[in-house]
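Colleague: Since chain Y is already given, all that's left is putting chain E on it; use the hints.
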Amino acid sequence: METGIAISFWILAAVTIASALAVVLFRNIFHAALFLVLCFFTIAGIFVILSADFLAAAQVLIYVGAIAVLIIFAIMLTRETQRGSPSGRLRLPALMVGLLFLATMVFIVVSTDWQVITEIPDQPTTSAIAQALFSGEEGFVLPFEIAAALLLAAIIGAIVLVRER
Amino acid sequence: MGILEQFEQWLVNYWPSWAAYLVPPLVAFAILSTFILVVVMAFIYIERRGIGRFQVRLGPNRAGPFGVLQPVADAIKVLIKEDIIPAKGDRWVHWLAPIIAFIPALMIFAVIPFGHGAIFADLNIGILYIIAISSLGIIGVFMAGWGSNNKYSLVSAMRTVAQMISYEIPLVLSIIGVLIITGSLSMVSIVEGQHVPFLLLQPLGFLIFFLAAAAEINRTPFDLLEAESEIVAGYHIEYSGMKFGLFYLGEYTHAFAISAIVAILFLGGWSGPFLPPALWFLIKVFSVFIVLFWLRSTLPRLRVDQLMGFAWKCLFPLALINIFITGIEAIIWPNFPWQLLILNILIAALLIVLWSGFFRVAGERVSFERYGRGIAKGLALTFRHLFRHPITVQYPEQRLTPSRRFRGNLLVWDVERCNGCRACARMCPISIIDIETARGDKGLVVERLEIDFGRCMFCGLCVEACPVEALFMSRDYEKASYRRELLVMKKEQFVAAEKRPSAYAYPELEAEMPPQTLLAPPKGGR
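Taken in order, these protein sequences are the chains called Y and E. Residues in the first sequence are numbered consecutively from 6, following my numbering. Residues in the second sequence are numbered consecutively from 16, following my numbering.
In case anyone wonders, no lab produced these hints; they're calculated from the structure. Ideal Cβ positions, reconstructed from N, Cα and C, are used throughout, including at glycine. Accuracy of the hints is not assured; some may be wrong.
Stated by the list, open to error - If you only want the chain Y side, here are some residues facing chain E, beta carbon under 8 Å, derived:
| id | residue |
| --- | --- |
| 1 | F35 |
| 2 | L39 |
| 3 | V69 |
| 4 | V74 |
| 5 | I77 |
| 6 | P129 |
As the list claims (entries may be wrong) - Sample of chain E residues lacking proximity to chain Y, with all beta carbon distances greater than 10 Å (derived):
| id | residue |
| --- | --- |
| 7 | N28 |
| 8 | G65 |
| 9 | K92 |
| 10 | E207 |
| 11 | I252 |
| 12 | P315 |
| 13 | S371 |
| 14 | I406 |
With the rest of the complex left out, here is chain Y (with noise of 0.2 Å):
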């Protein structure tokens, strides 16, 4: 069981980083996309790996199931971007920015203190999870319905910018 795990981790660790180095480096947006889908599922993968099943199913169903086929339709209407990125004055921050997120991550693996945790996770997860979201005290009601509104708002803000007057 736990050699089947770390053979599953490292297996997916390492197409997880390789998908991920293949949408940036790729030049056929199209293809590029297709490693993100690929990306986001062996993610999912590693959820299931961490006991964490609804995550994992949410993370298929959001991310491959809606976002990725999102940007694929975006790619799909927009003209002459098979062939790389279409202008380059943005190069330079586009840069700046990115090292700045790098930096920022590498900084926070590595100052975190992991744990590892030795008791038994919850199984099934789903009920926990309901409960640290919507639970009175201790869980996150408020941000979960700010989220929401933000969610319709945006989704309002979309229909009136695309409206035909």
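Modeller: This is chain E only, laid out in the frame that chain Y set:
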């Protein structure tokens, strides 16, 4: 305990533990995939024959008895066909697309219980897993549309995305009513929690799920992505051979999966009296599938804007209302007594009738009288066709009986009656009758008679002209040849030809013949 765990524990006694851990899933996977392929073949056969009967046709009936070997013949044909990749297509994407479209459909079966413990993996998040996995199939369709480098494929892929994204929302929301009642996402506990089939407790949820699922697997009222009359065959225009076969297989595997999910969520899964559980399950799955292609053979295809409008303006709000009502009921009656089904069916009927009143089709408000009864009438008509004799016949073995006044394709020449007057040859407007006579003992004798049926237009003027009724049209209705000269009939052939009775020359025979019989069974029956 499931069958898989029992198998594993038995295997531990004989094999090392890692083998005992690995082998049962592999064996189960092999059995499951074989079973799925067999069921899918049965589905393809039943659908093609069934749609034939719904449309008063025979359906495929040549390969094997009743055509049961048709799917096998199709599979062999698909396997040996040439595999073509478009020259400017995206090679790898084109190659991967059918696999990515097919595998998710297969993966759904991991959490489908076929009976007590007969399940590959009883995940806690069963139904969520199914929804997540089935959203992967879109990417395969997408890749096919893109990789083919074909405008129609791309249009089809765009339609697919729009349709899938739209219908996934009511699909997911309609399940929530069921989840509120059972309080679990696991497929096994959903089946065990159904004392009354949820079809009755959640009629609205069932309808929404059924319609959204039909759209998700692209069955006909919603099969815009391969609308033959508009975009040829949609995303798989450029596919041939086994790659097309995978798409085809994936479509039916998905249909099987959706039928199984409907049976589990709303029809009580494997539970049922008297019969073994697995049999009950299969009966339910097949009934759902039959209803799916009954709809397919009855309803016309929707337009793109109607399709989107139906998802967003009709199914989506109704699904939200359904969640709201079920939530209220969960607070008032936490145990969901079976009496609730009366209330729920009433609410569902009322909501559907009222909500449809908001819409206009072709400037006219959608009314129950017109559309509700119209759809019901259409379904009843196609259902009645099941019990009707097919209009088509098993051609060379069975022939249609032509009508009394039918004039066939060939002329029959009566040697005894003919007096060699050559009136027919003179009357023929295109001069194809070539006749030579000589003086004999009792008058003129025909020495040579040639009629070119390759040019004959069957005007019948020769028959009209014959003063002694020696020439008339036969009742044959087929005539074909690979060479034109074979269509010229000579005197010897006329003499040797079977003298079929013709109504034209023998009125007393005409009275005995059946009237126009295109719709009735031919003589001798089937």
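Colleague: Compare the structure with each hint and give your call.
Modeller: Now the hints, each set against the structure:
For Y:F35, the suggested interface contact is upheld, since its CB lies about 6 Å from the closest CB of chain E, less than 8 Å. Taken as an interface hint, Y:L39 checks out: its beta carbon lies about 7 Å from the nearest beta carbon of chain E, inside 8 Å. At a threshold of 8 Å, the smallest CB-CB gap from Y:V69 to chain E is about 6 Å, leaving the interface hint in force. For Y:V74, the interface hint holds, the least distance from its beta-carbon to any beta-carbon of chain E being 6 Å, beneath 8 Å.
Checking Y:I77 against chain E by beta carbon gives a least distance of about 6 Å; that is within 8 Å, so the hint holds. For Y:P129, the shortest C-beta to C-beta distance to chain E is roughly 4 Å, which falls under 8 Å, so the interface hint holds. Chain Y leaves E:N28 outside its interface by the beta-carbon criterion, the shortest separation being 19 Å against a cut-off of 10 Å. E:G65, annotated as away from the interface, keeps every beta carbon of chain Y farther than 10 Å; the closest lies near 32 Å.
For E:K92, the non-interface assignment is confirmed: its Cβ lies about 31 Å from the closest Cβ of chain Y, beyond the 10 Å cut-off. With a least CB separation of 16 Å from chain Y, E:E207 remains clear of the 10 Å interface cut-off, as annotated. With a closest Cβ-Cβ approach of about 17 Å to chain Y, E:I252 is found to remain outside the 10 Å limit, as its non-interface label requires. Non-interface status of E:P315 relative to chain Y is upheld: no Cβ of that chain comes within 10 Å, the nearest being about 28 Å off.
Chain Y leaves E:S371 outside its interface by the beta-carbon criterion, the shortest separation being 24 Å against a cut-off of 10 Å. Non-interface call for E:I406 relative to chain Y: holds, since the shortest CB-CB distance, roughly 44 Å, exceeds 10 Å.
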